[in-house]
Amino acid sequence: MEEFFQQLTNGLAVGGIYALIALGYTMVYGVLKLINFAHGDLFTYGAYLGLTLLTSLALTDRLGFALGVLVLALMVMGLVAVLGAILERAAYRPLRESPRLSAVVSALGASIFLQNALMLLYGARFQVYPDDILPTATLNVFGLYLPLMRVLIVLASVLMMVALYLFIQKTRIGAAIRAAAIDQGAARLMGIDVNRVILLVFLMGPALGGAAGLMVGLYYGQINFTMGWVYGMKAFTAAILGGIGNIPGAMVGGLLLGVIEALGAAYISIAWKDAIAFLVLILILIVRPTGLLGERVADKI
Amino acid sequence: MKQQLLALVAALGLAVGGVTAQAADTVKIGLMAPLTGSWASEGQGMKKIVELLAEQQNAKGGVLGKQIEVVTEDDGGDPRTASLAAQRLTTRGVVGVIGTYGSSVTEASQAIYDEVKLPQIANGSTAIRLTEKGFKHFFRTAPRDDEQGRMAARTIDKLGFKKVAILHDNTSYAKGLADEANALLKDQGAEVVFFDALTPGERDYTAILTKLKGANPDVVLFTGYYPEAGLLLRQKKDMNWQVPFLGGDATNNVDLVKIAGKEAAEGFYFLSPPQPRDLDTPDAAAFLADYQKKYNELPPSIWAMLAGDGFRVMVAGIAGAKSTDSDKIAAYLHKDLKDYPGLSGPISFDAKGDREGEVYRVYKVDAEGNFVLQKL
Chain U
1 MEEFFQQLTN GLAVGGIYAL IALGYTMVYG VLKLINFAHG DLFTYGAYLG
51 LTLLTSLALT DRLGFALGVL VLALMVMGLV AVLGAILERA AYRPLRESPR
101 LSAVVSALGA SIFLQNALML LYGARFQVYP DDILPTATLN VFGLYLPLMR
151 VLIVLASVLM MVALYLFIQK TRIGAAIRAA AIDQGAARLM GIDVNRVILL
201 VFLMGPALGG AAGLMVGLYY GQINFTMGWV YGMKAFTAAI LGGIGNIPGA
251 MVGGLLLGVI EALGAAYISI AWKDAIAFLV LILILIVRPT GLLGERVADK
301 I
Chain F
1 MKQQLLALVA ALGLAVGGVT AQAADTVKIG LMAPLTGSWA SEGQGMKKIV
51 ELLAEQQNAK GGVLGKQIEV VTEDDGGDPR TASLAAQRLT TRGVVGVIGT
101 YGSSVTEASQ AIYDEVKLPQ IANGSTAIRL TEKGFKHFFR TAPRDDEQGR
151 MAARTIDKLG FKKVAILHDN TSYAKGLADE ANALLKDQGA EVVFFDALTP
201 GERDYTAILT KLKGANPDVV LFTGYYPEAG LLLRQKKDMN WQVPFLGGDA
251 TNNVDLVKIA GKEAAEGFYF LSPPQPRDLD TPDAAAFLAD YQKKYNELPP
301 SIWAMLAGDG FRVMVAGIAG AKSTDSDKIA AYLHKDLKDY PGLSGPISFD
351 AKGDREGEVY RVYKVDAEGN FVLQKL
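Chains as they are written, first to last, in the working numbering: chain U, 1 to 301; chain F, 1 to 376.
Keep in mind the hints are simulated off the structure, nothing from the lab.
Please note that a few of the clues may not be correct.
[Said to hold, decoys possible] Residues from chain F shown here face chain U by an in silico Cβ test under 7 Å; the list is partial: (1) S41; (2) D196; (3) A197; (4) L198; (5) G201; (6) E202; (7) D204; (8) T206; (9) A207; (10) I208; (11) T210; (12) G214; (13) M239; (14) N240; (15) D255; (16) I259.
[Stated by the list, open to error] Computed spacing ranges between beta-carbons, pair by pair: (17) D339/F x F4/U: 50 to 60 Å; (18) L121/U x V243/F: 30 to 40 Å; (19) L376/F x L148/U: 37 to 47 Å; (20) L108/U x A289/F: 42 to 52 Å.
Idealized CB from N, CA, C, for every residue including glycine.
Could you build the full structure based on these sequences and the hints that come with them?
Written as C-alpha cells, this is what we have:
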C-alpha cells in the first residue's frame, strides 16, 4: 500500500508537467484546429532560457531562493511567450487561409528548426542546472518520501492551471477566447479581434510550456535540446486523452497520464509503461471518441 | 554544326575526366557518427578526433602518397537515419568507413556497407551479434558485450553482492549486456531479484526506482547509457535510498557526474575500457595533448577515442595492403595487422573482425566526481 501511494505521488508529479504542456496544445487546437508540433520545443526553450538566466544573473544569490525563482519564472515565461508569438507570426499566420495540412507541415518544420537552432547555440552536450540552488529537503509523510521540490512543482502547476481556468471562464478576454474557439466568423461579427485572440493564445500556451520547461530543468537538473520531443508527445497524448480543445480536459488528461504511467510501471511492467498508457488512450477513445471531457462543445476552447 | 557538337562533347568528356582525375588525388575515408540526437556529444568528439588524426597523418604525407579526406555523415544516433547515411557514404567514393557509436545504429548500416564491400570499423558498438553475421569487411575497435558481461558478473562477485537487480533500456546494446550478465550471475549463484527495462530519453524515473527499491537488491546493475544513469543516481538520492549502482561502459562519460551531481554520483561503479587519460601508451599522451591544444577540451569518452583508433587502423590497412581495394584492406586487417600500436593499446583482429585481448576495467566515482580506476 505504501508503494502504491509512493507511485501515485510519482505519477502526479510527472502528470503535472504533462498537464502544463498539454494546455498549450489544447488552447491552440481549440482556436485554430492546429496541432502546434513546435510546442514541445518551446518547452525546451523554457528550460534553456531558465538555465542561461539563472547562471548569468545569479538571481537566487541576490534575491534568495523563493523570490529568485519567482522572478526567473516570470522572465522565462515572458520570453517564451514572445517566442511563441514570433512563431505564430512567422510560421502560422501566413498559412491561415491555406489547407490545414500546410500549417501542420509548417509546425513540424518549425519544430525541427527550433530544435537544431538550440543545438547550434548551446551545443549538443547535456546542459545541467547548478544543483546547489534548490532546497534538497525530503519530506517524510507516513513513510512516503516526498522531495520538497516535487511538492512545490505539483503545487505550482496546479496553481497555474487554476489561474488559467479562472482567466478563461471569468474574464471578458477569456470569453472572447472561448467565442473564437466556437466560431471564428461569428466572433469576428461580434466585434472580437480574432487575430489578437490567436496571438494571446500563442502567448499564454508557450508561457505555460516555458514554465514547465523551467520546472523540469530545476528539478531534474539535466536538459538537452531533444527533450521537448518526448514531453511534447506525452503532453499531446494527454491533451487527446482529456479531449483536445478542452482546458480542464488537458489538466485531467495530463495528471491521469502521469498516474497511469507510474502505476502501469509499478504493477505490470516498466518496459511496457508507454504501451500501457497508449492502450488506455485507445480504450478511452473507443468509448469516448472526443476524449474524457471533450464532449461539451459549448465550453470548447 | 555537327563539328561544334562533337567539340562540345569532347570538351565535356575532358571536363568529366578532369574531375575524376582530381577526385582520385585524395583517399576518402568515411566517418559515420551521431552528430545530432541524444548521443551528439559522442559523435562530435568522434568527428574532432578523426579530423585531427587525419590532419596529422596528412602532415606526415597522407597514405599511399595521397592526402586523406574525411567524409562525415550524421547518423543521428538512430537506425533509420543511419541507413540513409550509409547509403550516402557508399555513393561518395570512400574506401572505408569508421563508425558508429550505438550497436543498433551500426547494425542498421552493416548490410549496406557489406553489399558494396566497404570495410567498416565500428568504434562504440559492443553487441555480440554484430560480428556473428559473417560480414567479411566488418571490424570493431570496441570490445564485445560478452567480455563486459563476464566482467560485470566477476565484479559483482568480488564486491560481495548476492541479490542483484538488473535494469536495461531495451536498446540492443543494453539488453544484450543485461541478458549476458543475467545468465552468468545465475550460474555463479547470485540471485537476480529484478530484471526490466526503462524508456530512455525521459526525465522522471522515480516510478522505476520505487519499484526497484521494493525488490530490495544489494546492488543495481544498469546497462544503459549515461543520461539515464545520471538521472537514476540523482533521483535515487532524493529518495534517500543508499543502494550501490554498477553501470556498463555506456555510463562512462564525464557528463554523468554533471547530470547526477557530485553528491549523488559518489560511489557509482562502472565498467569501461580505460579512460582517455588513463591510456598509458605514449601515442595517446601525445595525441591528448594535441587534442587539448586544438579544441581546448578533452575527448568526451573512450568511445570517441576508439573511433580514432579505427581511423588509424584503417590507414594502416590501406598502407599495409598498398591498395584501396576493400578485399585487400580487409584481408590485411584480418591476418597481417598484429599488435598495431593503437591509442587504446595494441590492436589485432580475429577472424570475425573482433578486437583481441581484454580491455575492461572497473572504475568508481569519488567524492570530487573523478573516475578512479579500481584494482579488484
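Against the structure, the hints:
Of the supplied interface hints, the one on S41/F holds, with its beta-carbon coming within about 4 Å of a beta-carbon of chain U, less than 7 Å. Checking D196/F against chain U by beta carbon gives a least distance of about 4 Å; that is within 7 Å, so the hint holds. The interface hint given for A197/F holds, since its Cβ lies 4 Å from the closest Cβ of chain U, which is under the 7 Å cut-off. At about 6 Å, the closest approach between the beta carbon of L198/F and any beta carbon in chain U falls short of 7 Å, and the interface hint on this residue holds.
For G201/F, the suggested interface contact is upheld, since its CB lies about 5 Å from the closest CB of chain U, less than 7 Å. For the restraint placing E202/F at the interface with chain U, the shortest Cβ-Cβ distance is roughly 6 Å, inside the 7 Å limit, so the hint holds. At about 5 Å, the closest approach between the beta carbon of D204/F and any beta carbon in chain U falls short of 7 Å, and the interface hint on this residue holds. Taking 7 Å as the C-beta cut-off, the interface hint given for T206/F holds, the closest approach to chain U being about 4 Å.
Annotation: interface hint on A207/F holds; nearest CB of chain U at approximately 4 Å, less than 7 Å. Interface hint status for I208/F: upheld, as the beta-carbon distance to the closest one in chain U is roughly 5 Å, under 7 Å. Nearest Cβ of chain U to the Cβ of T210/F: about 5 Å, under the 7 Å cut. The hint holds. A cut of 7 Å between beta carbons decides the hint on G214/F: the least distance to chain U is about 6 Å, and the hint holds.
Interface restraint check for M239/F: the shortest CB-CB distance to chain U comes to about 5 Å, inside 7 Å, so the restraint holds. With a cut of 7 Å, the hint placing N240/F at the interface with chain U holds, because the nearest CB-to-CB distance is about 6 Å. This hint holds: D255/F has a C-beta 5 Å from the nearest C-beta of chain U, less than the 7 Å allowed. About 4 Å separates the beta-carbon of I259/F from the nearest beta-carbon of chain U, less than 7 Å, and the hint is met.
In this structure, D339/F and F4/U meet the distance hint of 50 to 60 Å, their C-beta atoms being roughly 59 Å apart. Range check, L121/U to V243/F: Cβ separation about 38 Å, and the 30 to 40 Å hint holds. The hinted range of 37 to 47 Å is satisfied by L376/F and L148/U, whose Cβ atoms lie roughly 39 Å apart. Look at L108/U against A289/F: about 45 Å separates their beta carbons, and that is inside 42 to 52 Å.
In summary, the structure agrees with every hint in the numbered list given earlier.
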